[in-house]
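Chains L and G are the protein sequences, given in the same order.
Under the working numbering, the first residue of the first sequence is numbered 1, with each subsequent residue one higher.
Under the working numbering, the first residue of the second sequence is numbered 1, with each subsequent residue one higher.
FYI, nobody ran anything at the bench for these hints, they're computed from the structure.
Heads up, a few of these hints could be off.
As the list claims (entries may be wrong) - So the derived list for chain G, only partly shown, Cβ under 7 Å to chain L, looks like this:
#, residue
1, Met1
2, Asn18
3, Pro145
Just so you know, these numbers come straight off a predicted model, no measurement behind them.
A virtual CB, placed ideally from N, CA and C, is assigned to each residue, including glycine.
Take a look at the letters that make up each chain.
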Amino acid sequence: MCLAVPGRVMNVVGDDPLERFGQVAFGGVVRRVNFAYVPDVAPGDYVIVHVGFAISRLDQEAADYALGLITELEQANSERFSADGPAGLPPPGEGWT
Amino acid sequence: MRYVEEFRDSARVKALANAIGRVVTRPWRIMEVCGGQTHSIVKYGLDQLLPEGLELIHGPGCPVCVTPTEKIDAAVWVSQQPNVIFCSFGDMLRVPGSSEDLLTTKARGADIRMVHSPLDAVAIARENPEREVVFFAVGFETTAPANAMAAYAARRQALTNFSMIIAHVLVPPAILAILQAEGNRVQGFLAAGHVCSIMGTSEYQLIAATHRVPIVVTGFEPVDIMQGILMCVRQLEVGTFALENQYARVVRPEGNGPARALVAEVFEIVGSDWRGLGELAVSGLALRDAYLSYDAELRFPRPCSVTSIPSACQAGAVLTGQIKPPQCSAFAKACTPEHPLGAPMVSTEGACAAYYHYRRRSIDGVVPVPEFAVS
Numbered sequence: 001m002c003l004a005v006p007g008r009v010m011n012v013v014g015d016d017p018l019e020r021f022g023q024v025a026f027g028g029v030v031r032r033v034n035f036a037y038v039p040d041v042a043p044g045d046y047v048i049v050h051v052g053f054a055i056s057r058l059d060q061e062a063a064d065y066a067l068g069l070i071t072e073l074e075q076a077n078s079e080r081f082s083a084d085g086p087a088g089l090p091p092p093g094e095g096w097t
Numbered sequence: 001m002r003y004v005e006e007f008r009d010s011a012r013v014k015a016l017a018n019a020i021g022r023v024v025t026r027p028w029r030i031m032e033v034c035g036g037q038t039h040s041i042v043k044y045g046l047d048q049l050l051p052e053g054l055e056l057i058h059g060p061g062c063p064v065c066v067t068p069t070e071k072i073d074a075a076v077w078v079s080q081q082p083n084v085i086f087c088s089f090g091d092m093l094r095v096p097g098s099s100e101d102l103l104t105t106k107a108r109g110a111d112i113r114m115v116h117s118p119l120d121a122v123a124i125a126r127e128n129p130e131r132e133v134v135f136f137a138v139g140f141e142t143t144a145p146a147n148a149m150a151a152y153a154a155r156r157q158a159l160t161n162f163s164m165i166i167a168h169v170l171v172p173p174a175i176l177a178i179l180q181a182e183g184n185r186v187q188g189f190l191a192a193g194h195v196c197s198i199m200g201t202s203e204y205q206l207i208a209a210t211h212r213v214p215i216v217v218t219g220f221e222p223v224d225i226m227q228g229i230l231m232c233v234r235q236l237e238v239g240t241f242a243l244e245n246q247y248a249r250v251v252r253p254e255g256n257g258p259a260r261a262l263v264a265e266v267f268e269i270v271g272s273d274w275r276g277l278g279e280l281a282v283s284g285l286a287l288r289d290a291y292l293s294y295d296a297e298l299r300f301p302r303p304c305s306v307t308s309i310p311s312a313c314q315a316g317a318v319l320t321g322q323i324k325p326p327q328c329s330a331f332a333k334a335c336t337p338e339h340p341l342g343a344p345m346v347s348t349e350g351a352c353a354a355y356y357h358y359r360r361r362s363i364d365g366v367v368p369v370p371e372f373a374v375s
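Just chain L, with the same shape it has in the complex (with noise of 0.2 Å):
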């Protein structure tokens, strides 16, 4: 069962921490979930909802690195396409897969 969502909290309720819920929004539909396992989750953040708990805060900065390393391998992909390369570098020739 490993399937989960991400989901945005909206609210945090209730004082005992094995207790605290919260309403959580995935898109267009709103579910309550069970925060025991988020104890520092606050109204904002986004958290990954398994069968009804929430098991792990989202971490937008961890998030924006591994997108990042996307980013460098689509820069490094148009610079071997430009018909001036890389200084130093032939354009890609015949045989290029």
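Since chain L is already given, all that's left is putting chain G on it; use the hints.
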């Protein structure tokens, strides 16, 4: 939706496919452990974007699929006992037992209810004090904290009419069983991202170092899987065998402490029987002594019965990656989601179901164009 769309972006998928194509110089075989990852791969056609020779092997990470038939039979039997309200996740309802599945049992009059959270079953017990409420607690480490909370909440509320059938399994023993099997062809792993969000990464670091295989903790969206594959093949090409974390936005190396603490409070590790892998030591969970009153199999002792499995079902070979579902002679013929012979055809994370839903036309000779086809 944030954190979803960015990781389904086709331009990013193409960039990663190109990068993989440039890195690979020889054949490699990588296993994605989690059924959710298998579904993403088959649905988005990611395997068709990979260079010739780079093969993805589908792993046993589908807890519904590896639940042995005996547990289904126990669930069917318990659900038929007097006064029982039987609660289960939807996926388990159509897994075939020796004689029938839970949905058929429900059609014949048993009070079987689908729930989305284990706490729903606890609420049903609270609201129906005169009934016996039983919950079918299935899952890997991702679901254990939720199921542990159900037992913990029931005890806290002093419920006497709630119990659970436990069919919980752990991922690392399955990976070890695959690595140690004769004829193993797997050279690298994409580890299950949500399992690791609970357990952290240390168990996998140990496996990577001991068995000298690269392991990349990977998410579930197309961009995640392609990035995980790129990280894995880069290691394979240079011969390293480290643990890496592609899914860092969700997975921390230390995992989820409060979740693991409650699981340890409620459950202990025991040997377990797996469909397809057989009996594996220290591979499952059972309720600790303090929580044994919530064990449904003790509360409803079942008379011995014979377990039978259709001989044409090759779930075991599919779950260990020895064959792909279309190679099973029963695939899409005797075995369909409407009339399954085994669990992988029924579960939303099952490999057979994935191929049936997304690849049937290619099996019939018409090759569908994957959503991210590189032009």
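Hint-by-hint comparison with the structure:
Using the Cβ-Cβ criterion of 7 Å, the hint placing G:Met1 at the interface with chain L is satisfied: the shortest such distance is roughly 5 Å. The criterion of a C-beta within 7 Å of any C-beta in chain L is met by G:Asn18, whose closest approach is roughly 6 Å, and the hint holds. Because the beta carbon of G:Pro145 sits about 6 Å from the nearest beta carbon in chain L, less than 7 Å, this interface hint is met.
Going down the numbered hints, you'll see the structure goes against none, and every one checks out.
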